[in-house]
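2 protein chains.
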Amino acid sequence: MTYEEDVYCYTTKATRQVKLTNLDKSGFPMRRGGRLAEVTLAYESWGELSPNADNAILIFTGLSPSAHAASSEQDPSPGWWEFMIGPDKAIDTNRFFVVCVNSLGGCYGSTGPRSINPETVEPYGADFPNLTVEDITSAGQHLMHELGVERLHAAVGSSMGGMASIAYGILFPEQIEYLISISAAAQALPLSIALRSLQREIIRSDPAWKNGRYKTGEEPFAGMVLARKLGLVSYRASDEWNSKFDRSKLPQERLTGKPFELEFEIENYLEYNAQKFIHNFDANCYLHLSRAMDWFDIAEHGGSVDAGLAKIKVRKALIIGVTTDILFPLRQQRELAESLKETGTDVDHVEIDSPNGHDAFLIDDEHFSPVVGNFLKQSCS
Amino acid sequence: MTYEEDVYCYTTKATRQVKLTNLDKSGFPMRRGGRLAEVTLAYESWGELSPNADNAILIFTGLSPSAHAASSEQDPSPGWWEFMIGPDKAIDTNRFFVVCVNSLGGCYGSTGPRSINPETVEPYGADFPNLTVEDITSAGQHLMHELGVERLHAAVGSSMGGMASIAYGILFPEQIEYLISISAAAQALPLSIALRSLQREIIRSDPAWKNGRYKTGEEPFAGMVLARKLGLVSYRASDEWNSKFDRSKLPQERLTGKPFELEFEIENYLEYNAQKFIHNFDANCYLHLSRAMDWFDIAEHGGSVDAGLAKIKVRKALIIGVTTDILFPLRQQRELAESLKETGTDVDHVEIDSPNGHDAFLIDDEHFSPVVGNFLKQSCS
Chain A
-6 MTYEEDVYCY
4 TTKATRQVKL
14 TNLDKSGFPM
24 RRGGRLAEVT
34 LAYESWGELS
44 PNADNAILIF
54 TGLSPSAHAA
64 SSEQDPSPGW
74 WEFMIGPDKA
84 IDTNRFFVVC
94 VNSLGGCYGS
104 TGPRSINPET
114 VEPYGADFPN
124 LTVEDITSAG
134 QHLMHELGVE
144 RLHAAVGSSM
154 GGMASIAYGI
164 LFPEQIEYLI
174 SISAAAQALP
184 LSIALRSLQR
194 EIIRSDPAWK
204 NGRYKTGEEP
214 FAGMVLARKL
224 GLVSYRASDE
234 WNSKFDRSKL
244 PQERLTGKPF
254 ELEFEIENYL
264 EYNAQKFIHN
274 FDANCYLHLS
284 RAMDWFDIAE
294 HGGSVDAGLA
304 KIKVRKALII
314 GVTTDILFPL
324 RQQRELAESL
334 KETGTDVDHV
344 EIDSPNGHDA
354 FLIDDEHFSP
364 VVGNFLKQSC
374 S
Chain B
-6 MTYEEDVYCY
4 TTKATRQVKL
14 TNLDKSGFPM
24 RRGGRLAEVT
34 LAYESWGELS
44 PNADNAILIF
54 TGLSPSAHAA
64 SSEQDPSPGW
74 WEFMIGPDKA
84 IDTNRFFVVC
94 VNSLGGCYGS
104 TGPRSINPET
114 VEPYGADFPN
124 LTVEDITSAG
134 QHLMHELGVE
144 RLHAAVGSSM
154 GGMASIAYGI
164 LFPEQIEYLI
174 SISAAAQALP
184 LSIALRSLQR
194 EIIRSDPAWK
204 NGRYKTGEEP
214 FAGMVLARKL
224 GLVSYRASDE
234 WNSKFDRSKL
244 PQERLTGKPF
254 ELEFEIENYL
264 EYNAQKFIHN
274 FDANCYLHLS
284 RAMDWFDIAE
294 HGGSVDAGLA
304 KIKVRKALII
314 GVTTDILFPL
324 RQQRELAESL
334 KETGTDVDHV
344 EIDSPNGHDA
354 FLIDDEHFSP
364 VVGNFLKQSC
374 S
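Taken in sequence, the protein lines are chains A and B. Under the working numbering, think of the first position of the first sequence as -6, with each following residue one higher. Under the working numbering, think of the first position of the second sequence as -6, with each following residue one higher.
Calculated from the structure, these hints are not laboratory results.
With a straight-line Cα cutoff of 25 angstroms, these simulated BS3-like cross-link-like pairs (lysine-lysine) come out:
| no. | chain 1 | residue 1 | chain 2 | residue 2 |
| --- | --- | --- | --- | --- |
| 1 | B | LYS203 | A | LYS203 |
| 2 | A | LYS251 | B | LYS208 |
| 3 | B | LYS251 | A | LYS208 |
| 4 | A | LYS251 | B | LYS203 |
Work the whole structure out from these sequences, hints included.
Here it is as structure tokens:
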């Protein structure tokens, strides 16, 4: 049995890095305290910025993907959102200047726990300041400024990126025309917090984590494997796995006879993808990005979710949810859409019936491309 | 905030132990090979066996509960199914002789990995033979024989116990009149396998597990805490936790300032119940019982689920599922009920709309008692 590859990418030949130049002397202030003396952001881009700089789309990613959202001349390898971004695709690079940013706090080229702290000339590691979704959003806004864009045509994001795109509308209401938020929420709820908190605790419980002070090559790989498997379980949906794996077992010759070894293909699929992931992702990054989602709460922006969303002034928002998502269930996108409407935003709210769970936006071209494509087409007419 | 206690019990003053006397010289044969030289089973009982021994109900438990399903004169402390079992309750002890057995392989008085192997005079530990649901069922049948019961009025079980009760009908079709299976399935499916496999891997990854050869007091507690938390997450449902915990945080004075510490009440609730659990449950037992559920597949009894269920000859079966169960989703009980009907069994199939997820049978007196009570009343009329 060959497995579908878990979808994410790394720094590629097309990834560029920009050091932010418009920070004041004290550096980049973090929402929960602390600051970064310098910030470098990794991004890739597709299409051309129009002369009046009004055709930019900024894409925020989920926890694991890099800035390599799509292929390009510089790097023809497929990106994590290859079906969505390109000439004549839903996010049409003939029309738009499309930028995908590696999240602040990440490990694919943007400043994060694995970066060198210029003040100590050591990696931040455990000393990276507390990260929030809003910090990721602010970093994205700084990046666009560096690229000559003062007003986005649209911010687009899925999962954590869907939170970041909403935060763009709240933090920079005058700098964004349209907003697309996919499989996200106004705030994390207990089941999702429990699932993510447990992933973090599994990593922290690995003795190799050493309170975040591990060395390269001596990382908490065992904890990362287990945490990533739990992540993968929460990203997909029951029926999809039923049809894909059912109760298929590994061939006899793959079994070792060790007690309680993996026997089912579903177990081996998780092992395969988790092992691949851990050598490309930093444990402290994982902890920060994961917790940022738990902390995210639009109610912090004015006292209630409604008050926070009322700050948004986009011409129109597109809110997408997926029927089989257990991590960001449908009711959360319903709440977002209703609350946006009540606070004066024009909203397209689409519920996609896809078998692929929370990860559907990475997989389900057929359902997602027309919805995103039509919304963006209408935004230009 | 005070937390609802996770529901399970231990050996109590009312727990009796019976050593099986009708095994042949080679002992108790296990379905997947190996044997137990001796088997002791722990049970509690309520009500009186009728003179012609035709009023016995045998209850099989889920993974964690003990035989203390209800209070009694010998031990008035509430049992894990207190609302269900007693005089004039749904499982009416005025009418029935009710027995709850601690599963073979468990650690509340029945022979399991923590028991002394009479042949080595050491605990079985890692050498306990591979356990299946069918072994648990066979042990239950032996127990009833010891108690003078050759034919059950009914086998009743939830979760793993719901699998065991169905297996009773398949393995001993002439020895059972009625069958109640709650929140169970004909076979484990990939998502449930993934969730349980990950719990087992978390335990096995704890260096203290030592391939099962840990000593008392040096058990893999860290792994057990994490595994139990994942179990608890899978047993409950999203909306229930939303209304109970929402985004409540621990009071400031409970925070330590350690990196990535628990902050939300939902995290602390899981910590509280997991810590309580691990000092009362053996890691090797957990591994065996958990895997037994993954292995369970009625199709092994004749080549297909239908062929297996066709062996059942009960007068009537009651199959109950819960709308919010993610571990044994509703479609699995639908399949069971339909397949039973197709293979000639009279079935009552009830879908309970409860917010309590897989654990609803432990909590939702209001919905469960009438359904079980009416079924058993009709079985006597």
